[in-house]
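Just so we're aligned: 103 in our numbering is position 103 of the sequence shown, and the numbers increase by one with no gaps anywhere.
Be aware that a few hints might be false.
[To be verified] Have a look at the derived ranges for each label pair, beta carbon to beta carbon:
{"#": "1", "residue 1": "V211", "residue 2": "T149", "range": "18 to 28 Å"}
{"#": "2", "residue 1": "G242", "residue 2": "V3", "range": "25 to 35 Å"}
{"#": "3", "residue 1": "D25", "residue 2": "V211", "range": "31 to 41 Å"}
{"#": "4", "residue 1": "E146", "residue 2": "A49", "range": "43 to 53 Å"}
{"#": "5", "residue 1": "L71", "residue 2": "R191", "range": "45 to 55 Å"}
{"#": "6", "residue 1": "V85", "residue 2": "V8", "range": "19 to 29 Å"}
{"#": "7", "residue 1": "A240", "residue 2": "F12", "range": "17 to 27 Å"}
{"#": "8", "residue 1": "V260", "residue 2": "G2", "range": "32 to 42 Å"}
{"#": "9", "residue 1": "D195", "residue 2": "P236", "range": "22 to 32 Å"}
{"#": "10", "residue 1": "L210", "residue 2": "T149", "range": "17 to 27 Å"}
{"#": "11", "residue 1": "I158", "residue 2": "K197", "range": "42 to 52 Å"}
{"#": "12", "residue 1": "T149", "residue 2": "W22", "range": "44 to 54 Å"}
{"#": "13", "residue 1": "G29", "residue 2": "K197", "range": "23 to 33 Å"}
{"#": "14", "residue 1": "P18", "residue 2": "T149", "range": "20 to 30 Å"}
Simulated from the structure, these hints should not be mistaken for laboratory data.
Beta carbons: idealized from backbone N, C-alpha and C, even for Gly.
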Amino acid sequence: TGVGLVLVGLAFKVAAVPFHTWTPDVYEGSPTPVTAFMSVVTKTAAFGALVRFACTAVAGVGGEIAPVVWLLAAFTMTLGNFCAVTQTNLKRMLAYSSIAHAGYVLVGVAAGWEAAEPVFGYLAVYAFMNMGAFAVILAAERADRERLTLDEYRGLGIAHPLLGAAMCVFMFGLAGLPPTGGFLAKFAVFRAAVDAKLVGLVVLAVLNSLVSLFYYLRILVVMYMRPAEEPPTLQPIPKALGAVLVLCAAATMLIGLWPVWAVNWVTQALAVGP
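Model the full structure from these sequences, guided by the hints.
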């Protein structure tokens, strides 16, 4: 009973299905900086606790807890992706995207402590990609309000090439396309799961990744291939926000092109072991 209650609490924190219902409304209703913080810092910390709990406190993801984590992963990534496909509000879309990514991370959690390094590597890359995507939303806001619907991003990539290029990096990364860090992170998690003989779960995760291509690339189609009635104008981007955009985009690409430094960092962080 105690193990189950702790698992439910952690599943709520990482927005795993069926404990995810708070996420879209909170992401949409909160100021974008708060949303970015919750989607990155809170989720990363919660997954850190979940990995430690699942792989050490209950002596590995085995026995009774293994089927539970398997089902959590399967339902979380599937529902997250299929709900994201139907969204036209960018923040709600990213909310369901974060739910789907929680499912991918749970695939690694289901593989046990041997997958801890890929899991934490995935979380590190996800932090840069997701923070960058929300930074683009902040940079693209109007004088009086944020741009939240997809239609408000028409022609933005043409009118503002650098901002559009940054969004391309983040969407490709979240979709798991090479040569971004998102591809390597997802590949590492899936390979660890295959080594743990979770082939069925990995096949489902790959199919879900294909579904996610639709809504990630749809954002870029709107930004580059659907002209706006009037050229979109932006407020001056603060230097701090510009630095965040550059840092996140550079890290997303650098991890994909030269992953050695990221792997070494994660390895050192996990050196204490279970």
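Status of the hints after comparison with the structure:
1. A beta carbon spacing of about 22 Å between V211 and T149 agrees with the range 18 to 28 Å that was offered as a hint.
2. A C-beta distance of roughly 46 Å is found between G242 and V3, which places it outside the suggested range of 25 to 35 Å.
3. As the Cβ distance of D25 to V211 is approximately 23 Å, the hint placing it in 31 to 41 Å is violated.
4. The hinted range of 43 to 53 Å is not satisfied by E146 and A49, whose Cβ atoms lie roughly 32 Å apart.
5. A hinted range of 45 to 55 Å for the beta carbons of L71 and R191 is inconsistent with their spacing of about 22 Å.
6. Taken as a hint, the range 19 to 29 Å holds for the pair V85 and V8, whose Cβ atoms sit roughly 28 Å apart.
7. Look at A240 against F12: about 32 Å separates their beta carbons, and that is not inside 17 to 27 Å.
8. Checked against the given bound of 32 to 42 Å, the beta carbons of V260 and G2, roughly 41 Å apart, stay inside it.
9. For the hinted restraint 22 to 32 Å between D195 and P236, the CB-CB distance of approximately 50 Å leaves it violated.
10. A C-beta distance of roughly 25 Å is found between L210 and T149, which places it inside the suggested range of 17 to 27 Å.
11. Hint check: I158 to K197, Cβ distance near 48 Å, so the stated range 42 to 52 Å holds.
12. Remark: the range hint 44 to 54 Å for T149 to W22 is contradicted by a beta-carbon distance near 22 Å.
13. Against the hinted window of 23 to 33 Å, the Cβ-Cβ separation of G29 and K197 comes to about 42 Å, which falls outside the hint.
14. For the pair P18 and T149, the beta carbons lie near 28 Å from each other, so the given range of 20 to 30 Å is met.
In this structure, the hints that do not hold are numbers 2, 3, 4, 5, 7, 9, 12, 13, in rising order.
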